[in-house]
Amino acid sequence: MLESQPVIVAKNLRKRYQHIIAVDGVSFDVHAGEFFGLLGPNGAGKTTIMKMLYHFCKRSEGELKVLGFDPEKDISKYQLGIVPQENNLDPELSLWENLYVYCNYYGMDPKIRFDRIETLLDFFNLGNYKHRNIRELSGGIKRQLVIVRSLLNNPKLLLLDEPTTGLDPAARHLIWNKLRELKKSGITLLLTTHYMEEAAHLCDRLLIMDTGRILIEGKPRELVNEHFEKFVLEIEQDFPASVEIRKENDGSHFFYYSNNEFILRSLLEKSANTNYKATGASILRQPTLEDLFLKLTGKNFS
Amino acid sequence: MSENFPPYFLKRVFAVWYRHQKCYCKDLIPNALPPFLEPLLYLLAIGYGVGQYLPDMEGLRYVVFLAPGMMATSSVYSATLETTYGTFIRLEYQKVYANLLATPITFKELYLGELLWCGTKGFLFSIAVLLVLTGFGLVTYPLALLTPIVGFLNACVFGILGMFVTSIVYNINNFNLYFSGFITPIFFFSGTFFPLIQLPEVLQKVALMIPLTHTVILMRALTTNHFSPNLWIHLLWLVGLSLPFAFLGYRNLKNRLIGHSL
Chain A
1 MLESQPVIVA KNLRKRYQHI IAVDGVSFDV HAGEFFGLLG PNGAGKTTIM KMLYHFCKRS
61 EGELKVLGFD PEKDISKYQL GIVPQENNLD PELSLWENLY VYCNYYGMDP KIRFDRIETL
121 LDFFNLGNYK HRNIRELSGG IKRQLVIVRS LLNNPKLLLL DEPTTGLDPA ARHLIWNKLR
181 ELKKSGITLL LTTHYMEEAA HLCDRLLIMD TGRILIEGKP RELVNEHFEK FVLEIEQDFP
241 ASVEIRKEND GSHFFYYSNN EFILRSLLEK SANTNYKATG ASILRQPTLE DLFLKLTGKN
301 FS
Chain B
1 MSENFPPYFL KRVFAVWYRH QKCYCKDLIP NALPPFLEPL LYLLAIGYGV GQYLPDMEGL
61 RYVVFLAPGM MATSSVYSAT LETTYGTFIR LEYQKVYANL LATPITFKEL YLGELLWCGT
121 KGFLFSIAVL LVLTGFGLVT YPLALLTPIV GFLNACVFGI LGMFVTSIVY NINNFNLYFS
181 GFITPIFFFS GTFFPLIQLP EVLQKVALMI PLTHTVILMR ALTTNHFSPN LWIHLLWLVG
241 LSLPFAFLGY RNLKNRLIGH SL
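The listed protein sequences derive, respectively, from chains A and B. Residue numbering for the first sequence follows our numbering, beginning at 1 and increasing consecutively. Residue numbering for the second sequence follows our numbering, beginning at 1 and increasing consecutively.
What the hints contain is simulated information worked out from the structure, not anything from laboratory work. Heads up, a few of these hints could be off.
Below, in silico cross-link-like pairs of lysine to any residue (SDA-like), each with a Cα-Cα straight-line distance of 25 Å or less [stated by the list, open to error]:
| hint | chain 1 | residue 1 | chain 2 | residue 2 |
| --- | --- | --- | --- | --- |
| 1 | A | 58 | A | 14 |
| 2 | A | 58 | B | 26 |
| 3 | A | 58 | B | 232 |
| 4 | B | 26 | A | 88 |
| 5 | B | 95 | A | 88 |
| 6 | A | 73 | B | 108 |
| 7 | B | 26 | A | 14 |
It should be emphasised that the depicted structure is a prediction, and the values quoted were computed from it without experimental measurement.
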């Protein structure tokens, strides 16, 4: 495979079930060494696309090449690392046995298995848990273990389906750091998430989808800049809009957007001086991917 | 250093087998006791206890007649439990198959690995029963040495049937139907406890359709050291009968995992 050739080429992917269309004409490319994000609310079709990439889900239509191969026709899975949404660790086996049996699925030389497992457990600082049963492990450890498992075969492409859903902030940041280190080592990563913060932190490029379709695609910071002013004030109080202030309302809060931070700050001060009793916090901040997500998926704004 | 090629086909099948073997051996004592204990109980209670009051059957002392039946049913139960409750739990609860299919293992190897493990258990369980029977002097060598091979085959046949049933079952309680409606009746009416000749003619014909009947005939010929060329017919029947169920079970399970999964 040439280095210039994209790692994933997806053209017009479709998946129909009896009553719904889960994926409805999605096309995208992922390039070597890139950290790519598939974003969207629950049920957007992210996981279905992920499963198509390793043929755990047959596509109804469309063309797909992963590392130059059609996943439905070729056994190219040996070059992939997969972190599924559910921690499907083998509950009947210990941590070590889980990893050892997994190496066996890849036909790895028994001599290199031990080194490989040790190296990865060290990388995640999981050495102390080696002989524990899966049942005894916390959610964060289990998740890290699934990532360790996906790296055993030294994959060229790592597929991560909601890697940090349900984890506490410490575990989440730890996983983010490890993923960044992996990216530095040259591996291509594809991530699905509905945490916009996660995508903004990690992804070079991403697409946001909803109900099986792509809404937008691009680099996270650029996308936010294209759609929003530099600053936003989130507050309950109603002020009039002006030339320099754009106003939106999500039903409980008003959002005042402006490129001029000073104007928004003065609004904030004005509200502090009135007798108006705010029940929620007022925040002056920069717009985020989450604002964009909510705007595009149209779930919150009237 | 990356893996440069996927493991060969047979290696992948054995990798599935290896996983099952590893889980089984973790609880070796509770797992390995039944194949010794159960035939022992049947032999003592039915073979020697009840058998004392019974005439010879097919020219054999009752306990000698019963012995090969115990051998055949042992692999039936081991394969059926493995591929009904076992397969269902791996499929729906433990997500072991989802885990396997994320590796170079494809559905074909998953299915064959599952069967190979069933066969292995049938083989080992038959050896366990053979040891018990030998202890009581109820088998005649050398043909009896071939019984584990029939045990392997029989376990594969019932593994295929079990996986077919699992492929159409979406609620674990429905296996009760398969056990009460099929496995238990054939346990009693496949020539295990009494010769088929005792049955009404219609039921005799039905019994001849059932794979276990043929396994029992094969086992009985081997444990009593009576080879006849007709045995090939029984062997062929076992293989022939399981082929359509293998096809259907394979297709349904594959669709369930890859075709229709969310």
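Going back to the hint list, which numbers does this structure go against? Hints 2, 3 and 7 not satisfied by this model.
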